[in-house]
Amino acid sequence: MGVRRGTGELSQSGRCNCCCLFHISSSCVAPLFCVILSPAAFRSVFSPRGKPDGENRRSLCPVSPSVPSRLRSAPVTVRFVTNTTKESKRDLLERLTGLGFDIAEHEIFTSLTAARNLLEQQQVRPLLLVDDKALPDFTGIGTDNPNAVVVGLAPEHFHYEMMNRAFRLILDGAPLIAIHKARYFKKKDGLCLGPGPFVTGLEYATDTKATVVGKPEKTFFLEALRGTDCAPEEAVMIGDDCRDDVGGAQQAGMRGILVRTGKYSVHFRRLWCLE
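If you use my numbering, the sequence shown corresponds to residues 16 to 290, in order.
Keep in mind that the hints were calculated from the coordinates and are not lab data. For each residue, glycine too, the CB sits at the ideal point set by N, CA and C. Keep in mind that a hint or two might mislead.
[Unchecked claim] The following label-pair restraints were derived from C-beta to C-beta distances: (1) Q138 x C207: 30 to 38 Å; (2) K203 x G115: 30 to 38 Å; (3) G188 x A119: 13 to 21 Å.
[What the hints assert, rightly or not] Within a straight-line C-alpha distance of at most 25 Å, the following computed DSS-like cross-link-like pairs (lysine-lysine) qualify: (4) K224 x K101; (5) K201 x K104; (6) K224 x K203; (7) K148 x K201; (8) K104 x K233; (9) K101 x K201; (10) K233 x K203; (11) K148 x K202; (12) K203 x K104; (13) K101 x K233; (14) K101 x K203; (15) K148 x K101; (16) K104 x K202; (17) K202 x K101.
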């Protein structure tokens, strides 16, 4: 999936008339009514020296907590979208508000929410390979005698016994649902394998194809826009992942802004971005 150049990049000092915060290149000619942000990139850009506050324990820049409210007063609709499966939506909200950000729960759309919606639609009982902290987002979903496999980021569960259990369920006809297929994520000590390689391994072993519900799927971005009264061409996605954030949004008809903070990598940009 290639990312078109010239769609605009975000700098810490950039400004534009749309929201008084972001620089958007002249190629962005349609009116801007919705800004969609990756929480990780958002924290990185508006924390000192572009470092995520939660990982480095730095205090936030004075302007950063006002970013969402300044966008709303533009007026621009704000949505925060994330593939995180390490914590529930409620925990994510509490963490961001604890850092001083003015964010409402309805402004957050996660891949966990998208996965739950699909499980309810299909009326299946999942084997949940997700972090235990993410389980509250599946409250009320039956998991006894599972007939579906759901895979998120679950380092504690990615061992032979659990993967083999998932393998056997899929062979028996259980659908494989990937909350997302991110190749990697960033920790303090560097990049780490995401759930994507494990999903791909199950696909290969069972000769099946997973249904992916998170970024960079087109349906994820369109579902995030639901209720905003904004068309895709009226929205811009700001993120630090060339493929999952910017590329996925562009495939959905949105504009994309790639920030050079967070897990931004020149190596992966060269692989996935069109020169």
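> Quick one, are K101 and K233 close enough, alpha carbons at most 25 Å?
Replying inline: With a Cα-Cα distance of about 22 Å, the restraint between K101 and K233 holds, given a limit of 25 Å.
**Prompt:** For the pair supplied as a hint, K101 and K203, is the alpha-carbon distance within the 25 Å limit?
**Reply:** OK: K101 and K203 at ~15 Å, within 25 Å.
Hint consistency between K224 and K101 [alpha-carbon to alpha-carbon, up to 25 Å]:
holds (24 Å)
(Q) Check whether the Cα positions of K104 and K233 lie no farther apart than 25 Å. (A) holds (21 Å)
Check your understanding: Does K203 pair with K104 here, judged by a C-alpha cut-off of 25 Å?
Key -> Distance of about 22 Å is within 25 Å: holds.
Given the hint that K148 pairs with K201, test it: the Cα-Cα distance must not exceed 25 Å.
The given pair, whose Cα atoms are some 18 Å apart, holds under the 25 Å limit.
Take a quick look at whether K148 and K101 sit within 25 Å of each other, Cα to Cα. At roughly 6 Å apart (the allowed maximum being 25 Å), K101 and K148 satisfy the hint.
| Taken at face value, is the distance from the CA of K202 to the CA of K148 at most 25 Å? | holds (17 Å)
Taking only the CA atoms, is the gap from K104 to K202 under or equal to 25 Å? Answer holds: K104 to K202 is near 20 Å, not above 25 Å.
(Q) So if I understand the rule, the pair passes when the alpha-carbon distance is 25 Å or less; does K201 with K104 pass? (A) Satisfied, since the Cα-Cα distance of roughly 19 Å is no more than 25 Å.
TODO: Evaluate the given range 30 to 38 Å for the C-beta pair formed by Q138 and C207.
DONE: With a Cβ separation near 34 Å, Q138 and C207 satisfy 30 to 38 Å, so the hint holds.
* Asked: Holds or violated: K202 with K101, Cα cutoff 25 Å?
  -> OK: K202 and K101 at ~12 Å, within 25 Å.
The structure does not agree with the numbered hints 2, 3, 6, 10 stated previously, though it agrees with the rest.
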